[in-house]
Amino acid sequence: MNLHATPILKSLACAAVLGFALTGCTNTGTTTGGSGGGSETPEGTQQSVASSEGPTCSIEDYGAEKIDLKDAVVGFSQSEKEDNPFRIAETQSIKDEAEKLGVKKLITTNAQSTLSKQISDIQDMISQGAQALIVAPLNSDGLEPALQAARDKNIPVITIDRKVNATPCEDYVTFLGSNFVEQGKRAADQLIEGTGGEAKVAILLGSSGNAVTTDRTKGFKDQVAAEAPGIEIVAEQTGDFARDEGQSVTEQLLQANPDITAIYAENDEMGLGAQAAIVAAGKTPGEDIQIYSIDGTRNAVEQITAGSYNGVIESNPRFGPLAFQTLVDFMDGKPVGQDIIIADSEYDPSNAAERVSSAY
Amino acid sequence: MSAVTSAVRLPQKGAALVFLQRYGVYLAIALLLLFNLFFTPNFMTIDNFRVQFIQVVPVLIVALGMALVIGTEGIDLSVGAVMALSAAVIPLYIGYGPLPAAILAVLAGCLIGLANGTMIALIGVQPIVATLSLMVAGRGIALLVADEQLKSVIDPGFLALGRGTIAGVPYSVLLALVLVGLVAVLVNRTTFGKQLVSIGGSRRAAELAGLPVKRVLITIYILTAALASIAGIIQTARLSASVPSTVGNLIELSAITAVVIGGTPLSGGQVKVLGTVAGALLLQLIAASLIKHNVPDAYSQITQAVIILLAVYLQRGKAVLK
Amino acid sequence: MTDQLSTAAPAPVLEARGVGKTFTGVAALQGVDFTLRAGESLALMGENGAGKSTLIKVLTGVYQPDEGQIFLHGEPASFAKPVDAQHAGISTIYQEVNLVPLMTVAQNIFLGREPRNRFGLIDFRKMQEDARALLATYDIHVDVRRPLRSLALGMQQMVALARAVSIDARVVIMDEPTSSLEAREVETLFRVIGMLRSQGIAIVYVSHRMDEIFAICETVTVLRDGKVVHNGRLTDLSRVELVALMLGRSVEKVKRGGVTAFGEVKEGEGEPVLTARDLSRKHQISGIGLDIRPGEVVGLGGLLGSGRSETLKAMAGVMQLDEGSLTVDGKRVRSGSVAAAIKAGVVMLPEDRKAEGIVPNLSIRDNIVLAALPRLSRAGFTSRAKQDAIVDVFMKRLRIKAASPNQVVSELSGGNQQKVMIARWLAMNPKVLLLDEPTRGIDVGAKAEVQALINELADEGLAIVLVSSELEEVVEGSARVVVLRDGSVERELRGSEVTEQHLMAALVGENHAPADESPAEIKERL
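Chains Z, A and C are the protein sequences, given in the same order.
This note's numbering applies: residue 1 is where the first sequence begins, and numbers increase by one.
This note's numbering applies: residue 1 is where the second sequence begins, and numbers increase by one.
This note's numbering applies: residue 1 is where the third sequence begins, and numbers increase by one.
Read the hints as simulated data drawn from the structure, not as lab findings.
Just so you know, not all the hints are guaranteed correct.
As the list claims (entries may be wrong) - Calculated pairs, DSS-like style, for lysine-lysine (alpha carbon to alpha carbon, straight line, at most 27 Å): (1) 200(Z) with 66(Z); (2) 214(A) with 343(C); (3) 105(Z) with 200(Z); (4) 282(C) with 214(A); (5) 354(C) with 331(C); (6) 104(Z) with 334(Z); (7) 153(Z) with 200(Z); (8) 57(C) with 214(A); (9) 163(Z) with 200(Z).
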């Protein structure tokens, strides 16, 4: 999918339909809701590196100035409004870690889901003297002016959770984040295992035109096609990453296709909405119709322990420790990977009870 | 959407145009039902209609209030934020029981309505500006109230509102029917209703006729907010969770669309209660038909846009005919 | 009849012979003969619906006649569309100025025929010079580079007129051109009309205002029910005769009642029901005092801007007062509250019926009961039976012509709308009725009915204050007239002083009527 054109087309479409699709433009693409809030980081929830293969980047390669974080000003640019647990946990984790390491000053900004604001946020932080930047990009494209401004001053930039279309170690240092395609693939694996390879599946898509939606869909569908010929995808409809939409859409789908046996929701909120719809239709979630989703919010994981939810692939928002560790290594002159994929864990009935505390 | 294509060609003749303005929405519903009867499996079942009615309830209730506001030549963009606020308030007070929590949620929503009404009636701010500001601020307040958190609501009495039924008819649908009846009586059989449409027809004339214009306007914005709060409560009960960040997102557009395709002109002076009900049902049926046929999101959005354009076109035609 | 005109009459510019036009079976024009000569100014008169507009539209190419023929300079002519008529030298000036408000005066005058320089581009300098010169010939001096909309409405009308004439117009048709003009602007318009006539341009003038007609028109064509009922010199007619022709009534009948339909008027007796003292509001009115007794019609005279409408608004609670008091039956009424005024029994018929009076989309019933609704309801619920009772009474009594009480009020004629407004207030059982231009913009028949009604209501004991820009209405309808000037009471006319003569003198601030014409003479002229 053309990641550059999609958001623009999308925004045009939004204007064209009198804003009917605005949810599609502003939704987070990760989670909406959760009970942990993320103000504390429970033990055992830290991110770990799953893979860091390929080329590396050192401070000489990038051409930055060596600084000590204890005397440094570090800027963090958050992309979306903090009205969902993923973003809350992500920002909190960065703040906590900066405090822990004794960073002299951490500047945080929030682009409120507006690309132009994120660009000016980053430029402002540079003019405020930021010497290193951690950026959660709103979009894969469009941040070039901000990255260029950092490059002009040789300020190292670490991008997290979404990857930008630019050259690592040249336009930015490294990317830390989940592999969304992989998340979709792993959800497919869980579903295949849980259903024994025979199922009629409805997919609750995320917001239209969102790279996360595209990747999670691709990973899931490719894996199902490759591994489980007995699984039929009977419907795919957007639930806009929102619980009420997930519920409404599932109600409709269950009416039209009473033989649906499993739901794949691209985030937990829609999965929880689907669960309510299944109950309303007089069926038992987790048994008559299985539910799998991606995120790892506490609400969803608790439902697994209750037996009415089947599997959750985690998308870990706690980037603080890993991001700062990468920065420290980089400043120490050690080469760091250009593409660091974090290890997302997963929850299923076998481990949900003991690991529910690490959900966010 | 055969209703759509046929409607575009017909307005050549005045009589057909008048017919479509008056009955177009009912005709569209009939055609859509006919289409689904033949092409959608499991559509003509009681369960399916129960689902459609349950899902239309929030938009319908909000649209009732919107119709009142539009009848006064106003608009209320803050209804979604009011829903969010009432949703946010529920979990805070559910400990006192479902009814007190619901009453408090409605009261909280009414505060936003009061703010809207005060700005519009007393200060003279344009309705679109006043309610736009509360659309933004209201959701912010809701998130503050909720501590930016989604909260599960498990009180069984409260959840019954979302799930319980009497003789197979869900409580929420019954409640919506009662509200439709009350609003219809209010509009057609009370002094207040007549004053409302008079203000919409000519605010200056209403003032010079000694009508309590300011009081009526403030009351209407409060009523609209109260209705939106009830929609927020029902939505929360249905989700069994308070989700202030997303509940009621863009519902103002659906509600305005329902009101307009129901035959209430945006220029005020008329309130079509039954038309509004039909408008909301039509939107629901369109959405359901598209989902059931697994139509991709982009096409759904375009279809909705076409419906709105058509409705506004017909309204404009009405002005020309006059 | 045109043969009676002087033998040296110039050749006809525009003629219509036997013109007929029918709309869905209804004859709007029947066998209309019409002649317009160069330099002539002709008044086209008739009640609403007499066929004036249809005739104008036939003459200007908006409609094609079903029968008959139009002649231009003696040659048969037919105009397929308005632009053809324009090219043939027939221009029309409407009430609203049909020009481009955001363009400059010069651009508007030369719209579509801009002077070009040798590169084929618009020569703005020449255009401005030409525009200035053109306007100067009519003694109009404005900055031609200003956008049209920045000019006063009257000035815009002059520009439209100048444009029309500069397109080589031989005939200019003016449809109610003065309805939105101020007195001073009307003067300028008249002066320009005089100049046009001296250039041999013929004018067709349509207006409801008798004063204007008699001031500037030479000949008159009267239409009634689609037929020409009179053609001739205006000076041969008295006002009464003209009105009689328009209404199709005998002169005697009209004369007995004067030009208006008012009957005998008398001053009220006893204690005043309404007493206003020292009504003041900055820049609008100052220190106005009034006493109105039951059963009398008090005229409130004054030129535009004298404060007459403002005084009514102050008494009706529509306008906030800086100072002053209003008492009704000895009880003080809170100022600035319409509701309080209505409660005390003081109600006002607003000047702008369309914008401030009727609620256009509501039915006749809803409009009549609008103010009285709370009284016709129980616990906030309306009672159709109570409404119907009252609506029925007033529709009959005021002879409101409508299909049913359910008819939407905007579909009614102006006169019937005005009756609906009066019914709305009578349903409140008022003590004082304030009427601001009650007969403006309604046809002659309805006008007479409204005037008769005012009489009748006074006879029944209602106290009425009447504001009208038509002198004869004030003079014939009121027992006494309080004349305002510049926001204060100039003087009060009583008894035999209540004449147009005295009123006019008072309007302009002269204490006594000029001696050269006695009140009796004026009455005679009428």
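Verification of the supplied hints:
1. For a cut-off of 27 Å, the pair hint linking residue 200(Z) to residue 66(Z) is broken: about 56 Å separates their Cα positions.
2. A threshold of 27 Å between alpha carbons decides the hint, and for residue 214(A) with residue 343(C) the separation of about 18 Å falls inside it, so the pair holds.
3. Only pairs whose Cα atoms come within 27 Å are accepted, and residue 105(Z) paired with residue 200(Z) is rejected, the gap being roughly 53 Å.
4. Between residue 282(C) and residue 214(A) the alpha-carbon distance is near 26 Å, which keeps this suggested pair within the 27 Å criterion.
5. The straight-line distance between the Cα atoms of residue 354(C) and residue 331(C) is roughly 33 Å, outside the 27 Å bound, and the hint therefore fails.
6. Between residue 104(Z) and residue 334(Z) the alpha-carbon distance is near 22 Å, which keeps this suggested pair within the 27 Å criterion.
7. A hinted pair counts as satisfied when its Cα atoms are at most 27 Å apart, and residue 153(Z) with residue 200(Z) does not qualify at roughly 55 Å.
8. Of the pairs offered as hints, the one joining residue 57(C) and residue 214(A) is violated, with about 46 Å between alpha carbons and a cut-off of 27 Å exceeded.
9. For the suggested pair residue 163(Z) and residue 200(Z), the alpha carbons sit about 33 Å apart, so the restraint of at most 27 Å is broken.
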